[in-house]
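Asker: One-letter residues, chain by chain:
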Amino acid sequence: DTAVSQTPKYLVTQMGNDKSIKCEQNLGHDTMYWYKQDSKKFLKIMFSYNNKELIINETVPNRFSPKSPDKAHLNLHINSLELGDSAVYFCASSQRGAPTYGYTFGSGTRLTVV
Amino acid sequence: AQSVTQPDIHITVSEGASLELRCNYSYGATPYLFWYVQSPGQGLQLLLKYFSGDTLVQGIKGFEAEFKRSQSSFNLRKPSVHWSDAAEYFCAVERGSNYKLTFGKGTLLTVNP
Chain A
1 DTAVSQTPKY LVTQMGNDKS IKCEQNLGHD TMYWYKQDSK KFLKIMFSYN
51 NKELIINETV PNRFSPKSPD KAHLNLHINS LELGDSAVYF CASSQRGAPT
101 YGYTFGSGTR LTVV
Chain B
1001 AQSVTQPDIH ITVSEGASLE LRCNYSYGAT PYLFWYVQSP GQGLQLLLKY
1051 FSGDTLVQGI KGFEAEFKRS QSSFNLRKPS VHWSDAAEYF CAVERGSNYK
1101 LTFGKGTLLT VNP
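Heads up: the protein sequence lines correspond to chains A and B, in order. Note that this note's numbering numbers the first sequence so that position 78 is 78, with each residue one more than the last. Note that this note's numbering numbers the second sequence so that position 28 is 1028, with each residue one more than the last.
Looking at chain B on its own, in the form it has when it is part of the complex (with noise of 0.2 Å):
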């Protein structure tokens, strides 16, 4: 089956500092990849999502992932974090005849000022 992990349960940056977020996952082949920010209170919102071609993807509100095939992974990267990005983020993967989208466990991150 296939899953997806993220390893940090709760990172803190200051602001202004750069972010990475790491997510792998476990899959036959390339599934269809995503991150989603949760604000608190809020639905899930997509920043970004990985299909096939360029490997380096860039979303909204200054976020980019990577995919990178021999790791499995599918980090989350911001060069310079606001005070607004404090939230919780969610690594997906969907794959299979009914495009189900599986949820890593989420990262919380808080920025300090």
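So that you can see chain A by itself, here it is in the shape it has in the complex (with noise of 0.2 Å):
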């Protein structure tokens, strides 16, 4: 079974349209996290959810939101696409605490807009 799973694993798609990426853990962990990694690898963090509660927002486009129905669960929809917009989104999840013992990350999603 796998631990963190994203879908879809590519994605591509045409400036200025819509989309979304769903992530599910089954570890039982309590807060997920999207991070985007850039052409040149570089990973940061997006937005964090901690029991349903949004905990982290860092400054992103307010065309990306993220929604989590339930612990398991945590999706980002973006608005608008852009061609910056591409890069490999990655969810991750951990069990909150001190400290947390490590994230467990997803296989990504390679976004590519067109």
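Just so you know, these hints were derived from the structure itself, not from any lab. It cannot be assumed that every hint is accurate.
As the list claims (entries may be wrong) - Okay, derived cross-link-like pairs now, DSBU-like style, lysine-lysine, Cα gap no bigger than 30 Å in a straight line: (1) 1049/B <-> 40/A; (2) 36/A <-> 22/A; (3) 1068/B <-> 67/A; (4) 1049/B <-> 52/A; (5) 44/A <-> 1049/B; (6) 1068/B <-> 9/A; (7) 22/A <-> 1105/B; (8) 1061/B <-> 1049/B; (9) 9/A <-> 22/A; (10) 52/A <-> 19/A; (11) 41/A <-> 67/A; (12) 22/A <-> 1068/B; (13) 36/A <-> 1061/B; (14) 71/A <-> 22/A; (15) 71/A <-> 1068/B; (16) 1105/B <-> 67/A; (17) 71/A <-> 52/A; (18) 41/A <-> 19/A; (19) 9/A <-> 1105/B; (20) 19/A <-> 67/A; (21) 1100/B <-> 1068/B; (22) 19/A <-> 1100/B; (23) 67/A <-> 1100/B.
Said to hold, decoys possible - Computed footprint of chain B on chain A, listed as stretches where at least three residues anywhere in the stretch have a Cβ under 8 Å from a Cβ of chain B: (24) 36–43; (25) 68–78.
Said to hold, decoys possible - A few chain A residues facing chain B, derived, Cβ under 8 Å: (26) 52; (27) 55; (28) 56; (29) 90.
From the three backbone atoms N, C-alpha and C, an ideal C-beta is built for every residue, glycine too.
Please dock the two separately framed chains into a single complex, following the hints provided.
Answerer: Right, dumping it as structure tokens:
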């Protein structure tokens, strides 16, 4: 069983479209995250939810909207896609505590905007 | 703000040679420290972590890392590199009430036969 699974794995779309990426974890963790990895491999946190509550919201365009229907799921919806949104998006989960003992990452969604 | 520096963008070693990847952090207190590995087209896998106690920590795949408070460093080592170790390696620190994980920019490891 995959611990953190993301769908789709690849997403190619045109500028201006709206798209969603889904993430599910079966580890029983209470916290989930979205990270963006740019073309230079730099990883930057975007959002984090703890028990469906948004706890981290970095400086991200408001075209990006996360949603967590329950603590096992975290989705990312992107409106009006732009060329600069092309990247690999990683979902991760952890059990919040002191410390978290590390995040478990999904295998990523490669988004290409053309 | 906390930051993580990996001074080496790209390192090339021969198979069987030893390896050391450098990581320095900037934070007022000792953060929680991690090394992750990313193989091409894959997600990130946790290699090892340091929270407290013994400053030499063992991880998976034969890797180890040493925390040196005086140097604010957490360098990753492996005594003998295998071709399958070729990947991108990320150092990360976690601190703060929201346990945000901040990554360095990564070091690409190439292994020559």
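Asker: Hints first: check each against the structure and report whether it holds.
Answerer: Hints, verified against the model:
no.	hint	in the structure
1	1049/B <-> 40/A	holds, 24 Å
2	36/A <-> 22/A	holds, 14 Å
3	1068/B <-> 67/A	violated, 40 Å
4	1049/B <-> 52/A	holds, 27 Å
5	44/A <-> 1049/B	holds, 20 Å
6	1068/B <-> 9/A	violated, 39 Å
7	22/A <-> 1105/B	holds, 26 Å
8	1061/B <-> 1049/B	holds, 14 Å
9	9/A <-> 22/A	holds, 10 Å
10	52/A <-> 19/A	holds, 21 Å
11	41/A <-> 67/A	holds, 25 Å
12	22/A <-> 1068/B	violated, 40 Å
13	36/A <-> 1061/B	holds, 26 Å
14	71/A <-> 22/A	holds, 13 Å
15	71/A <-> 1068/B	violated, 37 Å
16	1105/B <-> 67/A	holds, 28 Å
17	71/A <-> 52/A	holds, 6 Å
18	41/A <-> 19/A	holds, 22 Å
19	9/A <-> 1105/B	holds, 23 Å
20	19/A <-> 67/A	holds, 13 Å
21	1100/B <-> 1068/B	holds, 22 Å
22	19/A <-> 1100/B	holds, 26 Å
23	67/A <-> 1100/B	holds, 19 Å
24	36–43	holds (count 4)
25	68–78	violated (count 0)
26	52	violated, 15 Å
27	55	holds, 5 Å
28	56	holds, 5 Å
29	90	holds, 6 Å
Comparing the model with each numbered hint stated earlier shows that hints 3, 6, 12, 15, 25 and 26 do not hold.
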